[in-house]
Each structure stands twice: as C-alpha cells, then as structure tokens.
Amino acid sequence: MARKEIKSEVAGTVWLVETEVGAKVAEDDTLIVLESMKMEIPVDAPQAGIVVEILVAKDDPIEEGQAVAIIETI
Amino acid sequence: MSWESAIEELRRREGLARRMGEQVKVDRHHNAGKLDVRQRIDALLDKGSFHETGSISGKAEYDEDGNLVDLRASNFIMGRGKINDRVVVVAGDDFTVRGGAADASIREKPIFAEQMANEYRLPIVRLIDGTGGGGSVKSLEMDGRTYIPANPGWEWVVRNLSTVPVVGLALGSVAGLGAARAVTSHYSLMVKGLSQMFVAGPVVVARVSGPITKEELGGSEIHTRNGAIDDEVTSEAEAFERTARFLSYLPSSVHELPPRGPVTDDVNRREESLISAVPVNKRKVYKMRKIINSVVDEDSFFEIGRQHGKSAITGFARLDGWPVAILANDPYIYGGSWTADASHKVTRFIDLANTFHLPVVHLVDNPGFLIGLESEKAGTIRHGAHALAALYQADVPWCTVIVRKAFGVAGAGNSNHSKLFFRYAWPSADTGSLPIAGGLEAAYKSDLEASDDPDALLADIEERLTRVCSPFRTAEAFRIEEIIDPRDTRPLLCEFANLAAPLRKPGPATAPYRP
Numbered sequence: 001m002a003r004k005e006i007k008s009e010v011a012g013t014v015w016l017v018e019t020e021v022g023a024k025v026a027e028d029d030t031l032i033v034l035e036s037m038k039m040e041i042p043v044d045a046p047q048a049g050i051v052v053e054i055l056v057a058k059d060d061p062i063e064e065g066q067a068v069a070i071i072e073t074i
Numbered sequence: 001m002s003w004e005s006a007i008e009e010l011r012r013r014e015g016l017a018r019r020m021g022e023q024v025k026v027d028r029h030h031n032a033g034k035l036d037v038r039q040r041i042d043a044l045l046d047k048g049s050f051h052e053t054g055s056i057s058g059k060a061e062y063d064e065d066g067n068l069v070d071l072r073a074s075n076f077i078m079g080r081g082k083i084n085d086r087v088v089v090v091a092g093d094d095f096t097v098r099g100g101a102a103d104a105s106i107r108e109k110p111i112f113a114e115q116m117a118n119e120y121r122l123p124i125v126r127l128i129d130g131t132g133g134g135g136s137v138k139s140l141e142m143d144g145r146t147y148i149p150a151n152p153g154w155e156w157v158v159r160n161l162s163t164v165p166v167v168g169l170a171l172g173s174v175a176g177l178g179a180a181r182a183v184t185s186h187y188s189l190m191v192k193g194l195s196q197m198f199v200a201g202p203v204v205v206a207r208v209s210g211p212i213t214k215e216e217l218g219g220s221e222i223h224t225r226n227g228a229i230d231d232e233v234t235s236e237a238e239a240f241e242r243t244a245r246f247l248s249y250l251p252s253s254v255h256e257l258p259p260r261g262p263v264t265d266d267v268n269r270r271e272e273s274l275i276s277a278v279p280v281n282k283r284k285v286y287k288m289r290k291i292i293n294s295v296v297d298e299d300s301f302f303e304i305g306r307q308h309g310k311s312a313i314t315g316f317a318r319l320d321g322w323p324v325a326i327l328a329n330d331p332y333i334y335g336g337s338w339t340a341d342a343s344h345k346v347t348r349f350i351d352l353a354n355t356f357h358l359p360v361v362h363l364v365d366n367p368g369f370l371i372g373l374e375s376e377k378a379g380t381i382r383h384g385a386h387a388l389a390a391l392y393q394a395d396v397p398w399c400t401v402i403v404r405k406a407f408g409v410a411g412a413g414n415s416n417h418s419k420l421f422f423r424y425a426w427p428s429a430d431t432g433s434l435p436i437a438g439g440l441e442a443a444y445k446s447d448l449e450a451s452d453d454p455d456a457l458l459a460d461i462e463e464r465l466t467r468v469c470s471p472f473r474t475a476e477a478f479r480i481e482e483i484i485d486p487r488d489t490r491p492l493l494c495e496f497a498n499l500a501a502p503l504r505k506p507g508p509a510t511a512p513y514r515p
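These protein sequence lines map, in sequence, to chains X and S. To convert, note that position 16 of the first sequence is 16 in this note's numbering; the numbers rise steadily by one, no gaps. To convert, note that position 207 of the second sequence is 207 in this note's numbering; the numbers rise steadily by one, no gaps.
There could be a bad hint or two in this list.
Claimed, not checked - To spell it out: a stretch of chain S is covered by chain X in this simulated footprint if at least three of its residues, at any positions, have a beta carbon under 8 angstroms from a beta carbon of chain X; those stretches are:
| hint | segment |
| --- | --- |
| 1 | 2-9 |
| 2 | 278-290 |
| 3 | 333-345 |
| 4 | 452-466 |
Derived from the structure by calculation, the hints contain no laboratory data. Small disclaimer: the values here were computed from a predicted structure and weren't measured. From the three backbone atoms N, C-alpha and C, an ideal C-beta is built for every residue, glycine too.
Using the sequences provided together with the hints, build the complete structure.
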C-alpha cells in the first residue's frame, strides 16, 4: 500500500473525468481523459489501486507532469 | 637457469594488484550493494574470456634494499574479452582506489583502451564509477602549479563514435569527466538508485545552491527523462544483459555489416489484430508499441530511450532475422507530435542507424511539430531541423509505413523524398499540410464570419474536406504509392529487410555521429 501520484505526460485540458474517489482501478484503467493536440489522451492507472483523490475537474488546463489523481496502490 | 623466478614475481604482482583498494574500501563498496570492478567484468563477459592489459600497473612500494613490499593497482582496469562470443574492449573504473578518480588511473590506460577499440575495430564497454578527471584541489599543492584542462584521450573517444559501438554504463556516482565518458556513447545506462550522474556532486553544488542529495541532483529519474542517459535498469546484472542485447544488433565496427540473427518467426505471419489497431475515430489514441511488436520478429524489439522524447519511439528489432532500426510515434504523447526532445532523440537515432548501416523502418503517425507557446520556447523547430538534416544525410535503406497522420514539415520527415524508398499507407492514413481540425477556421475565416450559421457551415465544410482526404484519392495521384491491408505489414517489411540486406554498405558513414 502506497500513495501514488498519477501525472499527466502531456499538457492539455481535462475533457473527461472517468473515475471517482473510492473507485477500485486495475492497471491501465483510464482515470482522466485530456484533450491535447485535438486528440483524446487518456491518463491511465500505472498499477492497480483505489482512487483516493482526484485533483482536477473538467475543462481545467493541465501542465506536462501535473498530478491529476492519487491512488492507493494495492 | 630459467626465467621461472621472474614469472613467479609476475604472478605475485598480479595477485597484489587483483586485491584492488584496501579491504575496508572493497567491503564498503560491496555493502553499498555494488559489484566491484572485477566482478563487473566477469558478469559482463563470457566466462573466462577476460584478457587484461596492464594487469600489474599501479603504485609500488619498495624497501631500502629495493625489494617490492606492496603494489596497489591503478584504478582503471581494462582489456579484451567476449560478449556472446564476439570480442569487445572493456574498461572499468575501480571505485575502491581513490574513488575511481582519473588521477589515480595512470593517464595512458584509458587512452590505450579507447585506441585499441578504434584500431582493432572492437566495440568498447565503459564501466564507469569515477569521481572525475582532475582529482581534488589538493593536487594544486602536490603539483605546485595548475594547468589548462584537457580531456585525456578525447580524440579517440570522439573518433570511436564514428567507428565502433560504444556503451557507457554509469554504475556509481559519476561526475565530471566520468559523466562525459558515460554520455559520449551510442548507448548509456544507469542503475536505478545505485548510480547518479552530475557535472559536479552535491558537496560542490551545496556551496552554490544549498544542500541536495546525490539522488535528487543526478538520479536516473532525472537523466533518463532529459535524455542525457538512454535507459535505466534495476540491477547491474540487467545493465550487462541490456549491453549484450544492444551490441547483438550491431556490427563490431562500421567496417562490417550488422549480423543476421536467428530466423525464428514466419515472414508471412499476418497479425489479425492489426485490422482494428487504429481506431476509426481520429481523436482516439492507440498503442503503437503493440503494432511494432506484431510486425517485427517475435520478442525482437529492443526499445531505446523510452523515458525521453516520449512522443517518438526508437529501438532495434529484427525482420526475418535482419537487424533494423525502428522509428515510430506514440499517439499517447501529444498525438505523436515531434517535440524538441523527441526531435533530438530522432536525430541521434537516425545517426546511430546510419553509422552502423541499419535499414530503417518508420511507422508514422505524426501530426507535425508540437504547437503552442511552450513548444516555441523549447526551440522545437531548431531541434526538428536537426532531425530532418539527419534524415537527409543518412544513406541507409528506408521503409515507411503511414499508420495514420503525416502532416506538415515534421510529417514530411517520414522519409527522404529524394531517394527511392518503400512507402506503404494503411487505410487509416490521414495526411497533408495541416490537419483539417487545425486549419479549418483559419482557411475559411471570411466565409465563416459572413455566415448566419457558422457552426452549420463549419460542419458542412469539414464533411466536404474529409471526403477529399481519403487516402484512395491521394493514391489515385500516386502521392501515396500503395495502400495496404495492415495485416500484410509484416510480410512486406520482411521482404524489405531481405531486399535491403545486400544494399547495406560497410565503411565510415555519410555523416559523423554526435552524442
């Protein structure tokens, strides 16, 4: 069990928040979808865990490397 | 009478030198979870294949009668050995003697190693665990003078980049000259948590900008993301495995051709999943690495620089056993756009392929250079120009597959248009100067301003243009040479690799390699 910040690898705008606090996620599950370069770019869970915080909301501008959610790894 | 006693003396000296630093320092090194330099050499090379040069060089102590009392080895161990039965030069720093500092290494030894690699046309692997080149400022008192710095053997270090494969393994705290030796290579690795690299270490930095740990200042997390080091691994054993694998795709020098590997996979294998690998919805991304792995020989893809310039994917692979260089875009990162750092990565990679005569397979999904203020600040066009120059300077067989987008100046970097190359387009190909989505408002500005219902007009124009953008229309004009079923990609790439093999030309490359 460890808290892990999930960071966006690209700058963009939050288009969809596809998870919620308390949700159990598997590796590669999409947490947030950003719009960047006119594309829908998912930010996926790097490993299984429970979502403990969502740090962004729809339409928020996101910088490269910015944390978008925190999961507690299982 | 014979020379037996001299040989006994030789063996005694060899034994003394093999002890490395004082026992307490060797123990401290092991306790830090690190292999010593001799263990590293043994782990890297085929069993029993190491032949050391300069095995009794070091600092000797004699008694009043001139009898040898002790011999402490120099901290630079080098020689020849084999990796997978091919001869290489190996050169390792011994951290247990003077912290691997180059001033305790005997100046001529590293130069000899580099020159041996160059003149005998052998790959060189540097096991770097040193604290720099100049020693400490204490040497001012010892020498009674200072000097203008020069990097010893740098003429060979640089010449080797255009002659033989060079691997730099940073295996401890690597500073100054050691850092430059790691980076002045074709492939470099750091071991996560075990190695750090910096221009100057924390003690020096603390005087300028406050306290900082080794890992914070120069851990692998920093240097594999900024591209100074190609990849990170989790153990020294993995570093040696990756070194062997990297070298397996390359010839021993530019004077030879990359060796064909085992033929293990059916050239006519058609991967069914490829027909739906690219989403029909153009806004959706997909996993390019899955496509790469489906078309190359099974388990043959060796990615290089995964953490840096991430919108570009670079690595070696095999097609019907023939080693090739794979260049691709990752749509997950800015839709695959070439950023400044991706352009830098592409430049080095094309230079690497060109230096060692590897045919290139380019899987293209490039919406162009990354746009926006940050991209302009990063000087993307300067780095992009480097990449395009590398492409046009290269002289290796080239095969392009347009997987999806190829737009603008960066998209034009799909191939050198002035040469005959093979180019295939998947039905998902979407190409031109500017994507419709990006250029619509600008191109039809006055029409849209004059319209009562600009949204409806915009949708109407978009639909009209989308129809014109069909790759079939482009192929009618032979601006796309061939549209293929994605499932036929592997057979066609294997055919390319077999046609390209006899065209590869040994010898110095058309452009020098710069690290």
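Check each numbered hint from earlier against the structure, then list the numbers of those it violates in ascending order. 1, 4
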